[in-house]
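Asks: Here is how the chains run, residue by residue.
Number of protein chains: 2
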Amino acid sequence: MLPSHIIYPVPVARWEPNTKERLVRAALDLFTEQGYEATTVAEIAERAGGLSKMTFFRHFPDKREVLFAAGQEVHSQILATAIAAAPETATPLQVVALAVDALSATFTDDRREFAARLRTVVAAQRELQERAASKHLALAAAATEALQKRGVPELTASLAVELGIRAFDRAFDQWADPACRQSLADLTRRWLAELQAANAALG
Amino acid sequence: MLPSHIIYPVPVARWEPNTKERLVRAALDLFTEQGYEATTVAEIAERAGGLSKMTFFRHFPDKREVLFAAGQEVHSQILATAIAAAPETATPLQVVALAVDALSATFTDDRREFAARLRTVVAAQRELQERAASKHLALAAAATEALQKRGVPELTASLAVELGIRAFDRAFDQWADPACRQSLADLTRRWLAELQAANAALG
Chain A
0 MLPSHIIYPV PVARWEPNTK ERLVRAALDL FTEQGYEATT VAEIAERAGG LSKMTFFRHF
60 PDKREVLFAA GQEVHSQILA TAIAAAPETA TPLQVVALAV DALSATFTDD RREFAARLRT
120 VVAAQRELQE RAASKHLALA AAATEALQKR GVPELTASLA VELGIRAFDR AFDQWADPAC
180 RQSLADLTRR WLAELQAANA ALG
Chain B
0 MLPSHIIYPV PVARWEPNTK ERLVRAALDL FTEQGYEATT VAEIAERAGG LSKMTFFRHF
60 PDKREVLFAA GQEVHSQILA TAIAAAPETA TPLQVVALAV DALSATFTDD RREFAARLRT
120 VVAAQRELQE RAASKHLALA AAATEALQKR GVPELTASLA VELGIRAFDR AFDQWADPAC
180 RQSLADLTRR WLAELQAANA ALG
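Line order of the protein sequences matches chains A and B.
Residue numbering for the first sequence follows numbering that gives the first Met the number 0, starting at 0 and increasing by one per position.
Residue numbering for the second sequence follows numbering that gives the first Met the number 0, starting at 0 and increasing by one per position.
A few of these clues could be false.
As the list makes no split between identical chains, a pair holds if one copy fits it or if it spans any two.
To be verified - In the DSBU-like style, the derived pairs of lysine-lysine whose C-alpha atoms are separated by at most 35 Å in a straight line are:
hint, residue 1, residue 2
1, K52, K148
2, K52, K62
3, K134, K148
4, K134, K52
If you are wondering where the hints come from, they were derived from the structure by calculation, not from laboratory data.
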């Protein structure tokens, strides 16, 4: 099974195949089984295949970051790359649409079950919700900066990005329901269209 | 001197005059002098006039909340009340403008110096920045709910509120500069007009 939303496959050193991913999956398993508070870094490392705490801390600064660190970096990169690559004639909103398209395309449906569990764990813990909000801000900042590099004024860029990330978040929330049968990319496009219409109506 | 931004005078029991405010001011003093990490709850309580840790914990769940808890509650209330009281004919954006007007009017210029110190402390600490982001979300949720009670659809409400809170945040950041000579209310109105124009141009 592939990793999900917050988590994204990242290159790992040859001598430690998939350690990072194994830690993430072990953490989510333990958080689901016994709760976030009750789980220690040592337990996560052990569950990930008899690893040490030291190995854990080579990959993540603390227990909370195990669910966020890799995703934040990789998702920011996906957004920034797509924004830089968009056609020169695209409007800010069109550029953002392409960027969230690129991001949601990386979430294939075999990742839905993992995403659903992740959503449940995050929803149960204020500390994780705050980290999720801070990830939201970091993605928005990265995308806004990328748009500004195209010459879009900062205010316009930040508002266009806000619509895109809201569309992605709402779509993700629906998609991460095991009963959902739609693709994340389709849901994101639909939400972006709705948000755009509501926004235009604000005047 | 009066309390500031995040902090807002709240009713206190007669037998404990201003304990909450004294704790907040003592905390900000200590965070400024010796840093957030290095400051303990016991020190804050002591500095607030020889209070005990137990007294601190009667008012705040932890060290971090001392800068946020009271403000979040009172500011949410100010926004919700102003939204409910807005004229029936007002558009969602006009309602939001009245609400952020009511909020910024509570920050008189004698609170600027306190706000400036608060801004410096928060900017230096990731944990506090995350809490500030989470306060932003809580205010937005309260305001969105109040708008929905007026019959505004959720998507429209949340976008109108986002513009208002962004205007307030940007204005506050300028206002909390000791060199600033403008009122927070004026700055907020100006930012809201700019954000609205940028948003309308998105199409």
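Asks: Evaluate each hint against the coordinates.
Replies: Consistency of the hints with the structure:
In this assembly of identical chains, K52 and K148 lie within 35 Å of each other by CA distance neither inside one copy nor across copies; the values are 41 Å within and 50 Å between. With identical chains, the CA atoms of K52 and K62 are at most 35 Å apart both within one copy (11 Å) and between copies (28 Å). For the identical chains of this complex, K134 and K148 are neighbours both inside a copy (21 Å) and across copies (30 Å), given an alpha-carbon limit of 35 Å. When the C-alpha separation of K134 and K52 is checked against a cutoff of 35 Å, the pair qualifies both within a copy, at 25 Å, and between copies, at 33 Å.
The earlier numbered hint that this structure contradicts is number 1, and it is the only one.
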